[in-house]
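J.: Here's the letter readout for the chains.
Protein chains: 4
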Amino acid sequence: MKDVQGERDFRNIPINRVGVRNVYYPILVVAPSSAEGENVCREQSTVASVSMSVLLPHEFRGTHMSRFIETLEKCHGRISLATLPSIARGLRDRLDAPEAALRFDFPYFIRKSAPVSKNESFMRYEVSLEASSRGDCSSGEDFDMIIGVGVPVQTLCPCSREIAEHGAHNQRALISLRIRCAVQGGGTSAGGGAEGARLSAASGPIWFEELIRMAEDSASAPLFTLLKREDEKFVTERAYENPKFVEDVVRDLTLRLNAEPRITWYAVSVVSSESIHNHDAFAEIVRDKR
Amino acid sequence: MKDVQGERDFRNIPINRVGVRNVYYPILVVAPSSAEGENVCREQSTVASVSMSVLLPHEFRGTHMSRFIETLEKCHGRISLATLPSIARGLRDRLDAPEAALRFDFPYFIRKSAPVSKNESFMRYEVSLEASSRGDCSSGEDFDMIIGVGVPVQTLCPCSREIAEHGAHNQRALISLRIRCAVQGGGTSAGGGAEGARLSAASGPIWFEELIRMAEDSASAPLFTLLKREDEKFVTERAYENPKFVEDVVRDLTLRLNAEPRITWYAVSVVSSESIHNHDAFAEIVRDKR
Amino acid sequence: MKDVQGERDFRNIPINRVGVRNVYYPILVVAPSSAEGENVCREQSTVASVSMSVLLPHEFRGTHMSRFIETLEKCHGRISLATLPSIARGLRDRLDAPEAALRFDFPYFIRKSAPVSKNESFMRYEVSLEASSRGDCSSGEDFDMIIGVGVPVQTLCPCSREIAEHGAHNQRALISLRIRCAVQGGGTSAGGGAEGARLSAASGPIWFEELIRMAEDSASAPLFTLLKREDEKFVTERAYENPKFVEDVVRDLTLRLNAEPRITWYAVSVVSSESIHNHDAFAEIVRDKR
Amino acid sequence: MKDVQGERDFRNIPINRVGVRNVYYPILVVAPSSAEGENVCREQSTVASVSMSVLLPHEFRGTHMSRFIETLEKCHGRISLATLPSIARGLRDRLDAPEAALRFDFPYFIRKSAPVSKNESFMRYEVSLEASSRGDCSSGEDFDMIIGVGVPVQTLCPCSREIAEHGAHNQRALISLRIRCAVQGGGTSAGGGAEGARLSAASGPIWFEELIRMAEDSASAPLFTLLKREDEKFVTERAYENPKFVEDVVRDLTLRLNAEPRITWYAVSVVSSESIHNHDAFAEIVRDKR
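Residue numbers (my numbering), protein chains in the order written: chain A, 16 to 305; chain B, 16 to 305; chain C, 16 to 305; chain D, 16 to 305.
It should be emphasised that the hints constitute simulated quantities derived from the structure, not laboratory data.
Be aware that a few hints might be false.
Copies of one chain are not kept apart here, so a pair can be met inside one copy or by any two copies together.
[To be verified] The calculated BS3-like cross-link candidates involving lysine-lysine, where the alpha carbons are at most 27 Å apart (straight line), are:
hint : residue 1 : residue 2
1    : Lys304    : Lys243
2    : Lys243    : Lys17
3    : Lys127    : Lys243
4    : Lys248    : Lys304
5    : Lys304    : Lys127
6    : Lys304    : Lys133
7    : Lys89     : Lys304
8    : Lys304    : Lys17
9    : Lys89     : Lys133
10   : Lys248    : Lys17
11   : Lys243    : Lys133
12   : Lys248    : Lys133
13   : Lys248    : Lys89
14   : Lys248    : Lys127
15   : Lys127    : Lys89
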């Protein structure tokens, strides 16, 4: 059968990104072995929405969409900081492309204890892993990776608290944080690859739990799935004693991100579903530290 | 050209509903002339998502989808309690069907004054109008109509307020209310049709503003698009002095709905985006008063 | 601390449903051991959106929302036809309620072979399990369960094919099917409980794979995640040789559902994202066979 | 009352964007008087989702969110290429900020004739207008504007057509196009402002209808809301004779964008809801022509 995609194209236009999107796949998320913290989830089954693309040089009419899925099949759904580079490289090879990019978006669960009763339950966070690879034989590879977390939190309005006789309006807000890390790579196997070699115990790669903690610590209060009355009292009072505008949340998180030498770039936004309005307040900061 | 849809079907299965969905259309919403209240918006341009369907008798292979759009075109986008019956009847006639149903979902704006500063702005509500017509020459028509409003409000937790030393968690919640009314019809023109004839000044049809007011009065506090500091103080304190669980909101609204003789059936739900959890609390009541 | 929810309520209004919604939870879906077919996935890790509610009698001010989460915790995320009744009963006990209902919505993956190349990949379906329990000591329990599947398929328009010289418009459509089954229950453990006892090898409970197969067989063609050129040829031709309106799809599926004695009730809808329009065509049939 | 937002901040962190989002507002969209084409809609009532933000200098604790709404109120919902600069400037002045940005997203309707029957109906497109203003007394203003359109179209797969004996899979796809134009501004009033002065009859500003036409001409076939049988035949055959991968669509549109001297920058993406897969194929090109 004719390979229509492989035809020569004469429009002389390279395409920045061609690929597939909204491919849902069951995955096993594997934490880097060197990720710090005793509460890090080592392995977790979840479901990802996957996006994969390549740069299409001007001379080809089309890419071969089925090869994206074949590359995804090859990784057996095992997703980690160590496997992402090889999947990105695999896309580039299989599609014969100078650049390849991929992104996994998925719910990630943390087992969380209520602040007083210590009752446990699962809390969901929507997180992401993005990777891209570009290069050729002569120039070597340029690999990039971004880790993202979506962290629902509570914000309590400092103005409302200041001017009202009792109470203060508060609400659910979403912190979205994406970072680039100087120390990438995995260490999920013995060696951990080229990237793993650079790791030391004191400066391992950053993983979801650490970013989520930084975001929650920057809000008026964190959220929980299971709260008994004594916990609800605690959380209500914590938020009241810790009033924050979206401006305060984004700045306090920025202070933490600036103080973390492993983080080289970040983009953070806070969107607050104001409980006195039917619209949202938001604040955004993007910074390249290099 | 062959009319494939018009072919005889031998599977012997009538289809409850066949039609089109997600048809977006610019509309002019016209209030019933007898709708009470000085703040009723007489005419409003907005954009509806329209769903239209018919019952397809077992002997026909398919319906004629383009005729739904033609029927919609015929009403020139003028939507009111008076035009809905004729659109529904028009569908039934044009599609030669024993039953027809339609639904318009659209944003509806109310010009709202802040509680203290009296500054004005638009507040958006997602509302709906549903109508159905069934019948034949011998039996006459059975016409039904449902009016719906989605009303975002604030809920402030009575438990949190009771047990915390300061403050109380509160959040945005959505009240969804759909009603059937004994007094339907429009009176947007002189006669207003058969339904309009039944109207009196004291007991006109129920319109969006009235339902929205009933819903907002049942919450801890209403929402506003524009609030200055003195307004924010007022709203914060009003919510604090008026703590309500979703159970309280749904019951207080039910009391109002029960007390209104023009309402013969209602379905109400309250969904609260809890500011201490990443999930929602909800309560629902459905009641046929006849 | 005061139990505000437990206060006596004097509004004299029972609430049909009170509970929590959009609780995301990692689950392990376990097929009934007697589910027929060699391709049935015995166990599958996925992520559910959970809704849980109870009927609240008129005399109580509120329900205790944290107990829903505690009940969910107790099942350790193990979801099957055998565990659903006990979770529903657990809700009723824990919340001291005359009725309890719950619903799990989750992506479910089937390992699917391409029609010619036989290459394998995962295909995602959005499915659901609903259960409710009502009753008291004297009357015994009334338990109900509904199994649902969302099946994306291809529809190819018979009219377009008939009247056009070449080709025919086709598109992705979604079949949504929910059923009640005479033979419920699980048999995931030796006994399988009271429901399991009613099972026989020839007439086990209906599971997702079987419903998905019925839906796919009723469309112009099924969808696949991974197709090579020879597969694409096959699927394109299959759809062309098998033109179906949404009316045809819903009726052909209805024939299958009517012919299946284990199914006692069904609700089926087909929504087709017409490739020549920017709106959808749909058809719906609901039938109680008892 | 204390102005908490106006407090001095000592974290020394400017915030890139602070503002409000998802503010829904009724608007009147006014075309530039010089927009070419007889089918241009001169005025259209619709409903926008509005986002507005400013850069917050490091020394201020917060912005004053109510002033965004006040600025929006001031424009009386009249949105055009001529009013956008003044709204952006108004935001900057009212919020005392070095930069301000705003974005309106709204459904836009075009009255469209079916290709053969010439029957008319409304076709909806989701469009956007983005504007930003930065500057100070000494440097003058730097104003930027982006016009965006979302255009649903049909794509018919060239590979499927080539290899299948009959038919070819096709589907709905969405072209998203955003452009910067050398000739901005409005001319909706006599002078039209500084930008309007640069206009000539031969090279007026680009408006929605023109961009939508460019996108539709680049697809296998355009979509319509109302098609009779003769139209359906026409559209089916047009798509079959005009097979296009997403790569072809994005390139053919790029050729048009490159050939249009008024366009100085564009970002275009095509996302195709493949009718043989449950995922989407996509292609993206971004180019700065200056």
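J.: All hints, please: hold or fail.
T.: Status of the hints after comparison with the structure:
1. Lys304 <-> Lys243: neither (42 Å within a copy, 38 Å between copies)
2. Lys243 <-> Lys17: Classified as between; 12 Å across copies, 65 Å inside a copy.
3. Lys127 <-> Lys243: Classified as within: same-chain Cα gap 13 Å, cross-chain 39 Å, threshold 27 Å.
4. Lys248 <-> Lys304: So Lys248 and Lys304 fail the 27 Å test inside a copy (40 Å) and across (40 Å) alike.
5. Lys304 <-> Lys127: neither (32 Å within a copy, 46 Å between copies)
6. Lys304 <-> Lys133: This pair counts as neither: shortest intra-copy Cα distance 38 Å, inter-copy 46 Å.
7. Lys89 <-> Lys304: Intra 36 Å, inter 40 Å, cutoff 27 Å: neither.
8. Lys304 <-> Lys17: Answer is neither: 50 Å inside a copy and 36 Å across each miss the 27 Å cutoff.
9. Lys89 <-> Lys133: between (41 Å within a copy, 16 Å between copies)
10. Lys248 <-> Lys17: between (69 Å within a copy, 11 Å between copies)
11. Lys243 <-> Lys133: Within one copy, since 9 Å is at most 27 Å while 41 Å is not.
12. Lys248 <-> Lys133: within (14 Å within a copy, 36 Å between copies)
13. Lys248 <-> Lys89: So Lys248 and Lys89 pass the 27 Å test across copies only (24 Å; inside, 50 Å).
14. Lys248 <-> Lys127: within (17 Å within a copy, 35 Å between copies)
15. Lys127 <-> Lys89: between (34 Å within a copy, 16 Å between copies)
Hint check: violations occur at hints 1, 4, 5, 6, 7 and 8; the rest are consistent with the structure.
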